[in-house]
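J.: In order, the protein sequence lines correspond to chains A and B. So for the first sequence, full-length UniProt numbering puts the first residue at 1; every next one is plus one. So for the second sequence, full-length UniProt numbering puts the first residue at 1; every next one is plus one.
It is possible that part of the hints are untrue.
Because identical chains cannot be distinguished in the list, a pair is counted as satisfied if it fits within a single copy or across any two copies.
Here are the computed lysine-lysine pairs in the DSS-like style, where the Cα-Cα straight-line distance is at most 25 angstroms [as the list claims (entries may be wrong)]:
#1 K154 <-> K185
#2 K31 <-> K226
#3 K81 <-> K185
#4 K81 <-> K179
#5 K179 <-> K31
#6 K226 <-> K154
#7 K179 <-> K226
#8 K179 <-> K110
#9 K110 <-> K185
#10 K81 <-> K110
#11 K154 <-> K81
#12 K154 <-> K179
#13 K77 <-> K154
#14 K31 <-> K77
#15 K110 <-> K154
#16 K31 <-> K185
#17 K110 <-> K77
If you're looking for bench data, these hints aren't it; they were derived computationally from the structure.
Number of protein chains: 2
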Amino acid sequence: MRPIIIFYTWYLLGLALSVACVVCVCVWSSKWRGGFAWNGSGLQFNWHPVLMVTGLVVLYGNGAVLYRVPLTWGQNKLPWKLLHAALMLLALILSIVGLCAVFDFHNANKTPNLYSLHSWIGIAATALFAIQWVAGLAVFLLPCSPISLRILLKPVHVWMGGSILSLSIAACISGINEKLFFVLKGNTNGTLPYNALPPEAVLANSLGVLIVAFGMVVFLILSNHKWQRPDSRPEDMAYTPLLQEESE
Amino acid sequence: MRPIIIFYTWYLLGLALSVACVVCVCVWSSKWRGGFAWNGSGLQFNWHPVLMVTGLVVLYGNGAVLYRVPLTWGQNKLPWKLLHAALMLLALILSIVGLCAVFDFHNANKTPNLYSLHSWIGIAATALFAIQWVAGLAVFLLPCSPISLRILLKPVHVWMGGSILSLSIAACISGINEKLFFVLKGNTNGTLPYNALPPEAVLANSLGVLIVAFGMVVFLILSNHKWQRPDSRPEDMAYTPLLQEESE
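The shape of chain A in the complex, shown without the other chains (with noise of 0.2 angstroms):
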């Protein structure tokens, strides 16, 4: 099979993941936990998954392999370089609401924030987002910044991006079991608790598995030098023509 066709194969797969990671936790923000709204109440929390998932796992992770779509070589960089920047910054403003929705509700609850595990490793991958961002703007956009910066801090920008989604997954993997731990409970109602997984626990377990599996597919596509942009190809001396004809 041609290249381009297994990329697109392996592109195509980690879109389809998005969707089915947006669908699932709508599903269960909307069908199983009542629904949105923004009172301090338990219907302000579902946003907290909805916007976590959406923006610093989905749109993040597509992101991040925006340049590995061969459609965008051969071109001019820069408008490209404003969409990775758009739709980080997209993905950004997402989890900083997100962030908000969970905080007004332990706000209005009397809940305390930030001691859970879960909650130390949301904050920092944001956190490290937000900076990655800020210093992706100055370094890779602002036309001043010399070119001997943006080949030494390339690297660093890759790896942190990496790890950021990785600490985005685990975020989002260790929320929806606490979660699905605090409101499965069982009760003389009849409502079954987690460990007898009643349908919303397999549907928030799947949310998890699809959400694994999508970084995954990016990471795929990330690890693949062939699917490098060329101008970032090492042996292309470090894509220094591209960026000189953009900081002229």
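Please arrange chain B on chain A, whose structure you already have, making use of the hints.
T.: Frame of chain A; chain B shown alone:
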């Protein structure tokens, strides 16, 4: 600073984090959770975090970066391959014993197995690890395995290796989070709940942070192409010469 010094700085940080993770999980299980036994009690469960963190994260991560140590370069690769396989086998055995500890504990207490998302992710990580180890042995160690197959499957082995580490970290974070909600409920004797962040919660949350930091150092070492064993750099003709020498 010379590249080799930068490498060893990160490598030693990875080793220091390895020791910190193992010490931290042992202190948590022994000092705060009452120690160890193999009798179906909660003391048997205590082996579970110790063995999973030590096997599936610490030994696994150290096995993954072995080829990056410059000390192993410029020599026949076979002894280092055997050490890589041996470290990974030890990691796999510890992980499987760690799973036995929790299955036995559940069975003795009539608790269902494999219902939580934590357990789904953990069992997937261990199963993929077992498949990866057997496939690695068959493809990269058995002399009868053809060079074309090795070249074809090396990127898959590397991608799957990183994915398994990400899954392991997600499983550990969700497991520590879940355990703390189970055991730190607070009571009238003055025991503080998880949301009051008692010392045990700070210790176990810190264990989670150490695991994430260790994973990030491993990914940093793996992501730097300059630190790749020279025979596997793409410009060195996909490590064919050494594989030919080994398969003779």
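J.: Could you run down the list of hints and mark each one as holding or not?
T.: Comparing the hints with the structure gives:
1. K154 <-> K185: For K154 and K185, neither the intra-copy (47 angstroms) nor the inter-copy (46 angstroms) Cα distance is at most 25 angstroms.
2. K31 <-> K226: Neither, since 43 angstroms and 50 angstroms both go past 25 angstroms.
3. K81 <-> K185: neither (47 angstroms within a copy, 48 angstroms between copies)
4. K81 <-> K179: Neither: 37 angstroms inside a copy, 43 angstroms across copies.
5. K179 <-> K31: So K179 and K31 pass the 25 angstroms test inside one copy only (15 angstroms; across, 28 angstroms).
6. K226 <-> K154: Result: close both inside a copy and across copies, 18 angstroms intra and 14 angstroms inter.
7. K179 <-> K226: Classified as neither; 40 angstroms inside a copy, 43 angstroms across copies.
8. K179 <-> K110: For K179 and K110, both the intra-copy (18 angstroms) and inter-copy (23 angstroms) Cα distances are at most 25 angstroms.
9. K110 <-> K185: Close inside one copy (22 angstroms) and across copies (17 angstroms); limit 25 angstroms.
10. K81 <-> K110: Answer is neither; intra-copy 43 angstroms and inter-copy 55 angstroms both fail.
11. K154 <-> K81: The answer is within: 13 angstroms in one copy meets 25 angstroms, while 31 angstroms across copies does not.
12. K154 <-> K179: Result: close neither inside a copy nor across copies, 37 angstroms intra and 39 angstroms inter.
13. K77 <-> K154: within (15 angstroms within a copy, 31 angstroms between copies)
14. K31 <-> K77: neither (43 angstroms within a copy, 56 angstroms between copies)
15. K110 <-> K154: neither (43 angstroms within a copy, 53 angstroms between copies)
16. K31 <-> K185: within (18 angstroms within a copy, 29 angstroms between copies)
17. K110 <-> K77: Close neither inside one copy (49 angstroms) nor across copies (59 angstroms); limit 25 angstroms.
Hint violations for this structure: numbers 1, 2, 3, 4, 7, 10, 12, 14, 15 and 17, all remaining hints satisfied.
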